[in-house]
Amino acid sequence: MNRYSIFSLIRNSVNYHQDWQRAWRSPEPKKEYDVVIVGGGGHGLATAYYLAKECGITNVAVIEKGWIGGGNTGRNTTIVRSNYLWDESAGIYEHAMKLWENLSTDLNYNVMFSQRGLLHLAHSVHDMQEIGRRGNAIHLNGIDSEFLSPAQVKEMVPFININCRYPVMGALLQKRGGTARHDAVAWGYARAADALGVDIIQNCEVTGFRMENNVVKGVETSRGFIGAKKVGCVVAGNCSVLAEMAGFRLPIESFPLQALVSEPIKPILDCVVMSGSIHAYISQSDKGELVIGAGSDTYNSYSQRGGFNVIEETVGPVVELYPIFSRMKMLRQWGGIVDVTVDRSPLISKTPVDNLFFNCGWGTGGFKATPGSGNVFAHSIARGEMHPIAEPFSINRFNSGALIDEGAAAAVAH
Amino acid sequence: MLVIECPWCGKRDQTEFSCHGEAHIARPLNTEELSEEEWGNYVFFRSNTKGVHYERWVHDHGCRRWFNVARNTHSDHIYGSYKPGEAAPTIDAPDTPEAKS
Ligand SMILES: Cc1cc2nc3c(=O)[nH]c(=O)nc-3n(C[C@H](O)[C@H](O)[C@H](O)COP(=O)(O)OP(=O)(O)OC[C@H]3O[C@@H](n4cnc5c(N)ncnc54)[C@H](O)[C@@H]3O)c2cc1C
Ligand SMILES: [Zn+2]
Numbered sequence: 000m001n002r003y004s005i006f007s008l009i010r011n012s013v014n015y016h017q018d019w020q021r022a023w024r025s026p027e028p029k030k031e032y033d034v035v036i037v038g039g040g041g042h043g044l045a046t047a048y049y050l051a052k053e054c055g056i057t058n059v060a061v062i063e064k065g066w067i068g069g070g071n072t073g074r075n076t077t078i079v080r081s082n083y084l085w086d087e088s089a090g091i092y093e094h095a096m097k098l099w100e101n102l103s104t105d106l107n108y109n110v111m112f113s114q115r116g117l118l119h120l121a122h123s124v125h126d127m128q129e130i131g132r133r134g135n136a137i138h139l140n141g142i143d144s145e146f147l148s149p150a151q152v153k154e155m156v157p158f159i160n161i162n163c164r165y166p167v168m169g170a171l172l173q174k175r176g177g178t179a180r181h182d183a184v185a186w187g188y189a190r191a192a193d194a195l196g197v198d199i200i201q202n203c204e205v206t207g208f209r210m211e212n213n214v215v216k217g218v219e220t221s222r223g224f225i226g227a228k229k230v231g232c233v234v235a236g237n238c239s240v241l242a243e244m245a246g247f248r249l250p251i252e253s254f255p256l257q258a259l260v261s262e263p264i265k266p267i268l269d270c271v272v273m274s275g276s277i278h279a280y281i282s283q284s285d286k287g288e289l290v291i292g293a294g295s296d297t298y299n300s301y302s303q304r305g306g307f308n309v310i311e312e313t314v315g316p317v318v319e320l321y322p323i324f325s326r327m328k329m330l331r332q333w334g335g336i337v338d339v340t341v342d343r344s345p346l347i348s349k350t351p352v353d354n355l356f357f358n359c360g361w362g363t364g365g366f367k368a369t370p371g372s373g374n375v376f377a378h379s380i381a382r383g384e385m386h387p388i389a390e391p392f393s394i395n396r397f398n399s400g401a402l403i404d405e406g407a408a409a410a411v412a413h
Numbered sequence: 000m001l002v003i004e005c006p007w008c009g010k011r012d013q014t015e016f017s018c019h020g021e022a023h024i025a026r027p028l029n030t031e032e033l034s035e036e037e038w039g040n041y042v043f044f045r046s047n048t049k050g051v052h053y054e055r056w057v058h059d060h061g062c063r064r065w066f067n068v069a070r071n072t073h074s075d076h077i078y079g080s081y082k083p084g085e086a087a088p089t090i091d092a093p094d095t096p097e098a099k100s
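Top to bottom, those sequences are chains R and W.
So in numbering that gives the first Met the number 0, spot 196 of the first sequence is number 195, and the numbers just go up one at a time.
So in numbering that gives the first Met the number 0, spot 89 of the second sequence is number 88, and the numbers just go up one at a time.
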């Protein structure tokens with residue numbers, strides 16, 4: 000792999016950028032791999048990368064039914080934060096945050112990680128109690144968080160209407176929170192994993208698992224059987240479909256979640272502002288578009304498009320909170336299928352089938368966890384035992400009752 | 000946006016209703032004998048079907064009655080509604096992802 004640097008940029012500009020090397024190969028699948036990862040989203044690609052880089056397992060394939068990053072990774076509003084309530088969540092999201100902070104260097108790929116600061120607005124006494132409890136819990140876990148008064152919010156976002164219908168009463172700020180470029184995360188991990196020998200196989204759908212005596216032996220795909228000593232399944236909204244192929248059920252339901260972006264405008268919003276209770280999430284991309292996260296539909300669906308009423312319910316609060324945006328045009332709107340658990344925490348787990356691991360249930364908010372999730376999942380697959388950070392997120396918690404209830408911190412928040 | 004047919008009020012805009020997940024999950028009767036395994040499976044685990052899904056809806060902003068809907072979760076096509084207590088209709092549409100119906 001040719002390294003990207005200022006020199007390679009200059010060298011290639013002389014040739015009118017005609018000679019850039021392909022970022023990753025498109026190999027024919029081998030007969031067998033040590034590990035097959037199903038799903039070429041950020042989490043799957045990160046898993047493959049850390050398997051090769053940190054676990055010494057390079058005979059790995061990532062099998063993706065469409066194109067890499069075409070699932071929720073390429074559809075999300077790119078918010079990154081680690082201010083969750085429970086210790087288990089702090090464990091995984093802060094692990095991810097630390098990896099984010101060095102990710103561009105590590106991958107030699109600019110993922111445009113920008114710690115521009117992230118505000119959670121509170122609009123009621125209950126919201127104030129929620130951010131109070133959560134802010135202090137986060138603090139005890141050594142993660143940065145600050146309480147802001149409405150005046151301080153106004154100082155950060157001068158055009159916000161704090162006296163709106165549900166007035167802004169305060170906010171929780173995570174300065175290390177922010178955004179990253181979603182596509183770059185998928186591409187950066189793909190390129191770095193490929194350079195370490197990982198095969199990235201696109202346009203190849205997994206249609207079944209081959210199992211013998213309850214041990215997985217490989218995957219049936221649209222391009223034939225591919226053998227595997229171990230399989231890691233990272234397919235987000237489609238996880239129940241894959242689980243059914245393997246003969247078990249998951250405590251998950253899949254819902255459409257939508258987002259929309261506006262026409263590009265000059266820089267106006269230099270942080271991320273989230274409001275759980277009136278449901279308005281907004282940031283500005285480097286291209287200048289306002290990136291707005293909408294809600295999820297309340298019915299199960301795999302259709303990758305949500306209801307129009309959800310857009311209306313999102314745009315209303317945005318305009319109430321930021322009257323200055325009321326005449327902006329929205330350019331694009333889309334949906335992704337999110338895999339939601341009842342406690343709003345993910346599953347990183349062994350399954351009833353030996354050597355078959357699942358990493359899913361990230362629902363509406365897993366982009367931020369991509370590096371941490373891939374990292375601990377890789378170590379868990381390599382060792383055959385769950386990494387301590389991943390351990391609490393087993394499927395069994397829905398039978399033992401040890402739920403990790405992030406309903407308030409995550410709910411539909413990203 | 001979906002158009003849902005309430006068995007009592009007829010076809011209405013989806014925003015009058017709310018959806019409450021998979022239908023026909025019977026609460027076990029021998030609750031004192033259930034293991035954690037069985038309780039967890041009953042409370043949390045779902046089919047999350049890609050294809051024909053039988054689900055519960057309630058007409059919140061109408062007659063406030065509950066009923067069931069058969070819908071294809073891949074295409075969002077609705078096959079029909081039926082009242083509580085009625086058997087789920089058999090849908091012979093293929094429930095493969097390709098089912099566009
Ligand atoms: C609109 C929207 C906004 C969001 N906003 C945020 C946010 O601001 N911050 C945040 O942290 N999170 C957010 N999320 C959630 C986040 O996008 C996801 O949790 C995360 O991207 C999941 O990554 P993944 O790699 O697990 O899944 P995906 O990126 O969905 O990858 C799964 C891959 O598996 C493939 N696949 C499925 N079935 C098969 C098969 N049978 N064979 C082979 N491949 C298969 C799919 O094609 C897909 O590429 C948002 C999600 C949406 C939809
Ligand atoms: Zn009715």
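If you're looking for bench data, these hints aren't it; they were derived computationally from the structure.
Among the clues, some could well be false.
[To be verified] If you want the footprint, here are the derived chain R segments under chain W, 3+ residues with CB under 8 Å:
hint, stretch
1, 192-199
2, 234-242
3, 248-259
4, 388-400
Please read these numbers as outputs of a predicted model, since none were measured by experiment.
For each residue, glycine too, the CB sits at the ideal point set by N, CA and C.
Each hint, compared with the structure:
Counting residues of the stretch 192-199 of chain R whose beta-carbon sits less than 8 Å from any beta-carbon of chain W gives 0, not enough to reach three: the coverage restraint is violated. Counting residues of the stretch 234-242 of chain R whose CB falls under 8 Å from any CB of chain W gives 3; the rule of at least 3 is met. For the stretch 248-259 of chain R, the stated coverage by chain W holds: 6 residues have a C-beta nearer than 8 Å to a C-beta of that chain, and at least 3 were required. Here's how the stretch 388-400 of chain R fares: 4 of its residues keep a CB closer than 8 Å to some CB of chain W, so the rule of at least three is met and the hint holds.
Hint check: a violation occurs at hint 1 only; the rest are consistent with the structure.
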